[in-house]
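Undergrad: Going down the list, the sequences are from chains A and B. Residue numbering for the first sequence is 1 to 126, as defined by this note's numbering. Residue numbering for the second sequence is 1 to 247, as defined by this note's numbering.
Check before you lean on any hint, since a few could be wrong.
With a straight-line Cα cutoff of 20 angstroms, these simulated SDA-like cross-link-like pairs (lysine to any residue) come out [to be verified]:
(1) A:K114 - B:R96
(2) B:K59 - A:A86
(3) A:K17 - A:G28
(4) A:K114 - B:N94
(5) B:K215 - A:L41
(6) B:K59 - B:A160
(7) B:K59 - A:S89
(8) A:K114 - B:K182
(9) A:K85 - A:V95
(10) A:K52 - B:A93
(11) B:K183 - A:L104
(12) B:K182 - B:G41
(13) B:K38 - B:I180
(14) B:K59 - B:V47
(15) B:K59 - A:N83
(16) A:K114 - B:N188
(17) A:K52 - B:M88
(18) B:K182 - A:F107
(19) A:K53 - B:L92
(20) A:K114 - B:A108
(21) B:K38 - B:S214
(22) B:K183 - A:P110
(23) B:K215 - B:G89
(24) A:K17 - A:D30
(25) B:K97 - A:L48
(26) B:K59 - B:F72
(27) A:K85 - B:S156
(28) B:K215 - A:V95
(29) A:K114 - B:I180
(30) B:K59 - B:N11
(31) A:K114 - B:V112
(32) B:K97 - A:I115
(33) A:K114 - B:K97
(34) A:K114 - B:G185
(35) B:K215 - B:N11
(36) B:K215 - A:F66
(37) B:K215 - B:A93
(38) B:K10 - B:D63
(39) B:K97 - A:L111
(40) A:K85 - B:G75
None of these hints come from the bench; they were simulated from the model.
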Amino acid sequence: MQIYGVALLAGCFLLGKLLGSWLGNLMGIDGDVGGVGFAMLLLMLSSLYLRKKKWLLPESERGIWFWSSIYIPVVVAMAATQNVKAAFSGGWVAVVAGLGVTILSLFLVPLVAKIGKRSPKEPSEE
Amino acid sequence: MEILERLLVKNGLIFAFLVVGVIMLISFWISRHLTFRKIPGVAIAIVIGLGLAFLGEEKGIADLPFMAGMAFLGGSMLRDFSIVATAMGADLANIRKAGLAGIVALFAGVTVAFFAGLAIAFGMGYTDAVSLTTIGAGACTYIVGPVTGAALGAGSDVIAISIAAGVVKSISLTILTPLIAKKIGLDNPQAAVVFGGLLGTTSGVVAGLAATDSKLVPYGALTATFYTGLGCLLCPSLFFIIVRLIF
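Please build the complete structure, drawing on both the sequences and the hints.
TA: Structure (structure tokens):
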């Protein structure tokens with residue numbers, strides 16, 4: 001049944017969020033740190049294990065795939081509920097800082113992505 | 001008319017499904033027939049979404065009573081739930097391979113965003129350590145900014161600027177990512193892990209990757225989810241101490 005998959009997803013989600021909240025608490029922050037990340041790792045590991053044990057059937061997996069396919073509509077709804085007016089009401093400092101930092105960070109992606117990657121063209125730095 | 005509005009208010013989430021479905025339909029039609037698939041349908045849908053947000057105030061289009069369901073559909077609970085579900089399509093081996101680069105990206109991302117944002121604020125006339133730190137923190141994400149500002153006792157106008165800077169980052173990332181993806185090599189899981197760690201603002205990272213290549217979303221989301229926490233940890237403490245030494 002699909003609900004088994006959804007329940008597995010919900011369990012991983014809540015456990016991940018709990019771990020994230022604990023980590024946040026440990027760091028002295030009111031909020032969760034990496035909750036989604038922990039939940040994703042839990043889901044990957046548990047589904048791998050359960051599939052091997054034949055406890056997670058394709059039928060149940062479909063419940064997870066449904067939610068995975070719903071995130072694009074969710075992102076569109078999220079875009080429609082952003083405080084876009086605030087983005088401009090902060091004046092030029094906010095626009096320049098936000099845009100400048102975004103562009104700068106984007107151009108760092110290829111540099112940092114080289115770490116740990118051994119391409120035949122470039123010998124690794126270590 | 002009144003009956004219709006009451007019906008839509010009462011069934012907000014269901015109406016939101018219909019609204020988003022129609023937006024997707026229109027976007028994919030535009031993508032296929034007007035741009036000949038050059039601009040992905042998802043990217044068009046997100047831009048339409050952002051445009052609709054201008055109809056409202058703080059909560060975008062959800063400020064209209066019959067559109068309130070959009071805030072629930074696009075809110076953090078369903079967003080995080082569906083993003084976690086995308087992990088089913090991710091390969092653990094790819095994540096392990098990108099692990100070190102992802103951690104470096106997280107620290108580099110927070111540090112670069114903070115100090116670049118601070119430098120821009122300084123260049124535009126801010127000189128006190130508290131304001132500079134708050135705006136620099138806002139350049140990380142729109143959550144790090146107000147958290148830092150509140151911790152340091154910054155004025156509400158500066159906190160508003162820091163939130164605005166974070167929102168500008170998230171929105172410009174959404175629009176720029178699909179345009180620039182090829183140029184920065186954002187076409188594989190490892191680059192997506194690094195991208196999530198460097199940019200960090202979850203809404204912008206997820207929306208930007210969705211508009212670029214939806215297969216990359218889980219990898220970017222995985223690292224981005226640690227960014228705001230790291231920013232909230234570093235900005236009001238270590239970074240503020242460094243800023244106070246200089247100013």
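Undergrad: Could you run down the list of hints and mark each one as holding or not?
TA: Hint by hint, here is what the structure shows:
1. Restraint check for K114 (chain A) and R96 (chain B): the C-alpha separation of about 15 angstroms stays at or below 20 angstroms, so the hint holds.
2. Proximity of K59 (chain B) to A86 (chain A) is assessed by CA-CA distance (about 10 angstroms); at most 20 angstroms being required, the pair is judged to hold.
3. Taking the CA atoms of K17 (chain A) and G28 (chain A), the gap is near 16 angstroms; set against the 20 angstroms cutoff, the hint holds.
4. The straight-line distance between the Cα atoms of K114 (chain A) and N94 (chain B) is roughly 14 angstroms, inside the 20 angstroms bound, and the hint therefore holds.
5. The straight-line distance between the Cα atoms of K215 (chain B) and L41 (chain A) is roughly 16 angstroms, inside the 20 angstroms bound, and the hint therefore holds.
6. Restraint check: the Cα-Cα separation between K59 (chain B) and A160 (chain B) comes to about 15 angstroms, which is no more than 20 angstroms; the hinted pair holds.
7. A distance of roughly 15 angstroms separates the Cα atoms of K59 (chain B) and S89 (chain A); the hinted pair therefore holds under the 20 angstroms criterion.
8. Annotation: proposed proximity of K114 (chain A) to K182 (chain B) holds, straight-line Cα distance about 16 angstroms (limit 20 angstroms).
9. A C-alpha spacing of about 12 angstroms is found between K85 (chain A) and V95 (chain A), which places the hinted pair at or below 20 angstroms, so the restraint holds.
10. A distance of roughly 17 angstroms separates the Cα atoms of K52 (chain A) and A93 (chain B); the hinted pair therefore holds under the 20 angstroms criterion.
11. For a cut-off of 20 angstroms, the pair hint linking K183 (chain B) to L104 (chain A) stands: about 14 angstroms separates their Cα positions.
12. For the given pair, K182 (chain B) sits about 18 angstroms from G41 (chain B) by alpha-carbon distance, which is consistent with the 20 angstroms threshold.
13. Among the hinted pairs, K38 (chain B) with I180 (chain B) is consistent with the structure: their alpha-carbon atoms are about 14 angstroms apart, no more than 20 angstroms.
14. Restraint check: the Cα-Cα separation between K59 (chain B) and V47 (chain B) comes to about 16 angstroms, which is no more than 20 angstroms; the hinted pair holds.
15. Using a Cα cut-off of 20 angstroms, the hinted pair K59 (chain B) and N83 (chain A) holds, with the two alpha carbons roughly 6 angstroms apart.
16. In summary, the hint linking K114 (chain A) to N188 (chain B) is supported, as the alpha carbons are separated by about 12 angstroms, within the 20 angstroms threshold.
17. As the CA atoms of K52 (chain A) and M88 (chain B) are separated by approximately 15 angstroms, the hinted pair is consistent with the 20 angstroms bound.
18. Of the pairs offered as hints, the one joining K182 (chain B) and F107 (chain A) holds, with about 11 angstroms between alpha carbons and a cut-off of 20 angstroms not exceeded.
19. Of the supplied pair hints, the one linking K53 (chain A) and L92 (chain B) holds, its CA atoms being roughly 18 angstroms apart against a limit of 20 angstroms.
20. At roughly 14 angstroms between alpha-carbon atoms, K114 (chain A) and A108 (chain B) fall within 20 angstroms of each other, so this suggested pair holds.
21. Taking the CA atoms of K38 (chain B) and S214 (chain B), the gap is near 16 angstroms; set against the 20 angstroms cutoff, the hint holds.
22. A threshold of 20 angstroms between alpha carbons decides the hint, and for K183 (chain B) with P110 (chain A) the separation of about 9 angstroms falls inside it, so the pair holds.
23. At most 20 angstroms may separate the alpha-carbon atoms for a hinted pair to count; K215 (chain B) and G89 (chain B) meet this at roughly 7 angstroms.
24. With a C-alpha separation of about 13 angstroms, the suggested pair K17 (chain A) and D30 (chain A) falls inside the 20 angstroms cut-off, and the hint holds.
25. Between K97 (chain B) and L48 (chain A) the alpha-carbon distance is near 18 angstroms, which keeps this suggested pair within the 20 angstroms criterion.
26. At most 20 angstroms may separate the alpha-carbon atoms for a hinted pair to count; K59 (chain B) and F72 (chain B) meet this at roughly 11 angstroms.
27. With a CA separation close to 17 angstroms, the supplied pair K85 (chain A) and S156 (chain B) stays within the 20 angstroms bound.
28. About 30 angstroms separates the Cα atoms of K215 (chain B) and V95 (chain A), which puts this hinted pair outside 20 angstroms; it is violated.
29. The suggested pairing of K114 (chain A) with I180 (chain B) holds, with an alpha-carbon distance near 18 angstroms, which does not exceed 20 angstroms.
30. Among the hinted pairs, K59 (chain B) with N11 (chain B) is consistent with the structure: their alpha-carbon atoms are about 18 angstroms apart, no more than 20 angstroms.
31. Straight-line distance between C-alpha atoms of K114 (chain A) and V112 (chain B) comes to about 18 angstroms, which keeps the hinted pair within the 20 angstroms bound.
32. As the CA atoms of K97 (chain B) and I115 (chain A) are separated by approximately 10 angstroms, the hinted pair is consistent with the 20 angstroms bound.
33. Pair hint K114 (chain A) plus K97 (chain B) holds up; C-alpha atoms about 12 angstroms apart against a cutoff of 20 angstroms.
34. With a CA separation close to 11 angstroms, the supplied pair K114 (chain A) and G185 (chain B) stays within the 20 angstroms bound.
35. For the hint pairing K215 (chain B) with N11 (chain B), the CA-to-CA distance comes to about 32 angstroms; that exceeds 20 angstroms, so the pair is violated.
36. The suggested pairing of K215 (chain B) with F66 (chain A) holds, with an alpha-carbon distance near 15 angstroms, which does not exceed 20 angstroms.
37. Distance hint between K215 (chain B) and A93 (chain B) is fulfilled; the C-alpha atoms sit about 15 angstroms from each other, no more than 20 angstroms.
38. A distance of roughly 15 angstroms separates the Cα atoms of K10 (chain B) and D63 (chain B); the hinted pair therefore holds under the 20 angstroms criterion.
39. A C-alpha spacing of about 16 angstroms is found between K97 (chain B) and L111 (chain A), which places the hinted pair at or below 20 angstroms, so the restraint holds.
40. A C-alpha spacing of about 18 angstroms is found between K85 (chain A) and G75 (chain B), which places the hinted pair at or below 20 angstroms, so the restraint holds.
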